[in-house]
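Asks: Model the full structure from these sequences, guided by the hints.
Heads up: the sequence lines are chains S and A, in that order. Number 44 in the numbering used here belongs to position 44 of the first sequence; there are no gaps in the numbering. Number 131 in the numbering used here belongs to position 131 of the second sequence; there are no gaps in the numbering.
In case anyone wonders, no lab produced these hints; they're calculated from the structure. You may find that some hints are simply not true.
To be verified - Keeping only pairs whose Cα atoms sit at most 25 Å apart, straight-line, the calculated SDA-like set for lysine to any residue is: (1) S/K167 to S/P40; (2) S/K167 to A/D98; (3) A/K110 to S/P279; (4) S/K110 to A/H101.
Here is how the chains run, residue by residue.
Protein chains: 2
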Amino acid sequence: MLTPSLPRPLRVREEARTSARVALSAATTEGVQLRTRDIPSWLAGRGRANDFRVDRIPFAQLDGWAFDEATGNLGHRSGRFFTVEGLHVTEQDGPFGDGPHTEWHQPIIKQPEVGVLGILVKEFDGVPHFLMQAKMEPGNPNLLQLSPTVQATRSNYTKVHQGGDVKYIEYFVGPRRGRVIADVLQSEHGSWFYRKSNRNMVVEVTGDVPLLDDFCWLTLGQISELLHRDNTVNMDARTVLSCLPHPDTGAGALLSDVELFSWITEERSRHDVRAERVPLLDLPGWKRGESAIEHEDGLYFRVVAVAVQAGNREVTGWTQPLFEPVGLGVTAFLTRTFGGVPHVLVHARVEAGFLDTIELGPTVQYTPGNYAHFAPRDRPRFLDTVLHASTDRIRYETVHAEEGGRFLNAESRYLIIDADEADAPQDPPPGYAWATPAQLTSLVRHGHYLNVQARTLLACLNALAVTGR
Amino acid sequence: MLTPSLPRPLRVREEARTSARVALSAATTEGVQLRTRDIPSWLAGRGRANDFRVDRIPFAQLDGWAFDEATGNLGHRSGRFFTVEGLHVTEQDGPFGDGPHTEWHQPIIKQPEVGVLGILVKEFDGVPHFLMQAKMEPGNPNLLQLSPTVQATRSNYTKVHQGGDVKYIEYFVGPRRGRVIADVLQSEHGSWFYRKSNRNMVVEVTGDVPLLDDFCWLTLGQISELLHRDNTVNMDARTVLSCLPHPDTGAGALLSDVELFSWITEERSRHDVRAERVPLLDLPGWKRGESAIEHEDGLYFRVVAVAVQAGNREVTGWTQPLFEPVGLGVTAFLTRTFGGVPHVLVHARVEAGFLDTIELGPTVQYTPGNYAHFAPRDRPRFLDTVLHASTDRIRYETVHAEEGGRFLNAESRYLIIDADEADAPQDPPPGYAWATPAQLTSLVRHGHYLNVQARTLLACLNALAVTGR
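Replies: Encoded structure:
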């Protein structure tokens, strides 16, 4: 016989209280544990307390990783973690898409498992604090950055690599131990990953949480300050922070929500992109050496290998491949105010590894070196506007690195730049649309709308609103 | 020199006026053009006015279609329309997914182009009317059903098959001629299509619209009445109607929106489904005869071929393959009222052809015949509750067919059934959650949340709210 459940009161569908509390944390620039100005030295101290070393090695010195004889694909003997394979990308012209027809080959990372990027939240002195970790990743330019509470692939927390437990993972998987503030699958870099997504979670708890070494509780205001420092807040933290709810002032926008959805649907429909996985062996345009797979023109990125020694990781030493972009990227939103409401210019970007053709990216997301040889009229739209922006129009500029677990020194200048009608017209060219930060915040509750670079910029926009610089 | 755009007033992000006008149309049970009770005879008249005939043929009589010698895949010599290929589906167990490990092979339709399903709306006597078409599709049990204004693949409207123009297509592609009410890419049948989606659009215009043969303007109240008639409103119309905004009463729900998102994210993350396209030739478990490809146990569906003669189609005669399910399906929502608010029990369904692992489906979506030989405890959850529901608990029951352009006699009983704690507990088993129709209406503004069967039931739920039966 069934035991009937007791009737439960219904929930309010949208908790305005949650976004108000996020806003309170954002407005609080000092936390209970560390003074904001002491955080960089705390991070440096954690770096000294742990013994990290990363060395480049030839592929032959990879341990457990090998190129498959038949396909040339690079994988781990366990069949887990990830593989580096080839991708053949075709964008169709008519009748299937708007084209023009383009086609290329490239290496790509295939990592089918969904990881968890989670931040634990707890109230101290009435203000929500976020539990951040000082975490080493081999590809970070400075090795150690401020990371989410948990940053784990399924292989990590199911112990495929037989290392230590993932700290605090019990708050994010298994029976729910707190209140969910955000929980959404978001894409990662569509140019380097094949259909990768990670679960971005924010969970608030009320009970005691033991504080472990390498972790600290910070307010969102403190993290916002740190988002103005180069190479300090890692990509995983930035994408999770971008998913936080913020109070919606109810302001209007150039496009209503349904007009914005319609524009996205139109952009998604007019591109017909086919990405076929192919063997990495003899990939057209790419050559494999002893220590790198690189493009024959030296452009885009290289596949390389590193050996890692670390004291406080789940395992103490390992080797792995990394993708190393060639050159410093430039990633920027142009911003304008219409009718008193700030807007940013989003770009419907085709990236070969996206699950669903396009996602909204920044106005500009390029490595300028890849286009240096192009004639001005063939250079990417808005790139020169960003590169030549005068200082008084730069509202935000910080260097951030992409995920240090897969990418080596993948640094980009992230910028938010004031534009005018001459730079960026109210009626933008095809592929671009003006959206308000509030609209982006409502899109990012769902997956596959904002790419990871746009999510970093959304976190920076929100930080800028707080710090008011 | 650039001509600056004139400043434009901002839009309100959410137009409550639109959903109020949809509600007005839904409450209006007679229209300006046809009396509701005369619509079936109008439909029958359109059927008589057009000369339709569909005959089953052996594959050898297909014109322009052939099995590829190397792969056995069935395709058109133009390389367009669609192909029938093989799919090898694996659901992984740990550590990648919750499993259990399952694996099967099946034929699948691959049709990479995005079609348009569009309904034109125009106000008459102050009430929005929807322009519906009496359209023949070869797989419909009764050939002719009420369809959207436009139902066209890109091949259709770019004239790959060199037929007539697609009527009214100019309202849905090219420069916008009206106000968008809905525009979203939605999945189609994940069990029969490989990653297919169509653009579901509703566009309102104010100017003159010529009324062509086979078309009529109906209120949403009239269409709601027709949704209670077997095989009358086709699948394409149902899915577009499900995307309409409806007034949100602000009622609460058992799960807040973020809890519902979190449950969906959890379901999406815990399944690891890999679907690899494989040759149709010698597909394990399937056998190809002269007139059908069928499962060796006679279950699931058959691939067959038909010849079509039609007077009012874009082309006057053609042959094509169709998928023909074995047996009548049963598709149902169990519904309960919690705290005074109706909820339906959604099921996170894995279908091999989904772009993103799971979508929310009805509580029950099965062809009972495929499970008749199962022991009671192995039969699909909630199926027997639906099959044995007493008449007084059936709030809605109508037979609808799936898309007649690809599926032959794919009929299912669509049901909405009152449940109690014994049938369907407030705390449902894993894979199921209670959601309100308002929550589903907010999810369906985005793609890949509700599968096509759940969208049909959402349209029926909304019709039921109007007709109050």
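Asks: Hint by hint, where does the structure go against what was stated? Just the numbers, ascending.
Replies: none
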